[in-house]
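Below are the chains, spelled out letter by letter.
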Amino acid sequence: MIELRGVTVRYGETVAVDAIDLELPPGKIYGLLGRNGSGKTSLLSALASYRKPSAGAVFVDGEPAFENPRVVRQTSFIRDTLDLNDSDRVRTALDIASWLRPTWDADYAAKLVDVFQLDTRKRVSSLSRGQRSMLGVVLGLASRAALTILDESYLGMDAVARTLFYRELLADYLAHPRTIVLSTHLIDEVADLFERVIIMDRGRILLHDETDSLRGRGVTVTGQAERVTAFAAGHTVLGEQSLGGVRALTLDGRLDPGDILLGEREGLTFGPLGLQDLFVHLTSQQPLEASR
Amino acid sequence: MSVTAVLLRLFKPIVLWVLAILTAVEVIAVVAILSVGPIKFSFWLVVFGAAAKYWPLVAGILLVSMYFRLFASNGITRHEFLRGLAVFWLGIIFVVAALVVLGHAAESVVLGLLDQRGDGYPVFRFGEAASEFFHVLPGTAGYLTSGILIAAGFYRFRPWTGVLLIIPGAVPAGVAEGLIKIDEFGHLTQRLPLAIALTISLAATVAGGLATHRLMRDVAIRRATG
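Those sequence lines, one after another, are chains A and B. Under the numbering used here, think of the first position of the first sequence as 1, with each following residue one higher. Under the numbering used here, think of the first position of the second sequence as 1, with each following residue one higher.
Don't read these hints as lab results, they were simulated from the structure. No residue lacks a Cβ here, since even glycine has one placed at the ideal position from N, Cα and C.
Result set (DSS-like, lysine-lysine): computed pairs, CA atoms no more than 30 Å apart in a straight line:
hint	chain 1	residue 1	chain 2	residue 2
1	A	LYS52	A	LYS28
2	A	LYS111	B	LYS12
3	A	LYS111	A	LYS122
4	B	LYS12	A	LYS122
Which chain B residues face chain A? A few, computed with CB under 8 Å, are given here:
hint	residue
5	LEU70
6	GLU80
7	ILE221
Chain A extracted, bound-state conformation (with noise of 0.2 Å):
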């Protein structure tokens, strides 16, 4: 059990992250969600002892983890930046994981450089946005490290990059479970590999909670704009689409079995709650409301 109690970064005057309390259940991949500038990055970097804490602690099965070698050994902290030297070649950047790292898979490291085509002899400072993200994706998950943190991983990938690094992740998920953390922006495009979404807004913990059950907080309502503005009075709307004459609508809460058997009726369509409308909505500084 990872667990963070009243972890505080602050950075001179500007606090990053607020007395979090926060008990991250081991085996599961969860979401971290923020907008820029949220404290994303620091709570990671905490969580990670990259940074101690100006107050509060991390404790992983009940040991303080800032310095504790036993923890440290087994997190894996992948940053957007890349913690390598530029002047490095990728295959040194790989042998020195594998000389550091107990955990390290070098085999399927091999394997994941095949599948994201990466060249072994290249430096790292020629290396494209993308292909760094690649190479920080190699690293996070060949470490097998029982906390696996990847930070805006995806960064400058293209769309087949991020699929292969979706699929491969899932799929060394299952075979070796482990905690992984996920920072993104693509909430719609990986919502689907979260088990819980953890959602920050200016330094605090917005929401902790299963993935399916955020879904279960909302639907989404499409069909004729006139007749979906109709159902939707008096609901809070989370999030809105509009093509020609179709409007989807997302509300917020449950309905009532009644109402959408009387939508249905009228050629309305239901579907579940998109997390990315519930996370515009719970962090957005404008809430949206349905009197359009």
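Starting from the known structure of chain A, fit chain B onto it as the hints suggest.
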């Protein structure tokens, strides 16, 4: 694999290249000088004597600015890195100081066999090897410690604070340089009795090590730039 072993693997090609270049420079320069006449000073003590101070200074800076983050991101704690660094530090200063003495010995023997030692050339004597070694060692240790300490200041604080900390960071190097050294004519210089000079120099170096520990023991792992 231990931190020290990984540092050795990473630095091995660098050390071998530096050694090869300096040896090549020594051979070419000595041959050139000998074409004019017998050599009156030890070129090895000029070149490798300087390298024995400035290369450790650069290595110390690299160890913190480039390698610390690399180890931390591969599951090594700050304290583990600092312990491994201390062992590596010890290895560097002994090997580098020994190479100064061994190189001087080799140069002296070869020039002697060729009868090319000019007036004033510092002839190597095995009885003075230990004294020569202990006149090189404090400088190497001091410069390496200063490199690490100055880089630690920049790593922990903002650049301007780092700039201000260069002065205290340079104390280990400055103390060793001021108290005890060897020049190209083989003159063993010490401003105080050897034991006292060595003790003061060692104390400054140990203080630098403790300051490094203080700076790095809970430092945040910085992002790479770019």
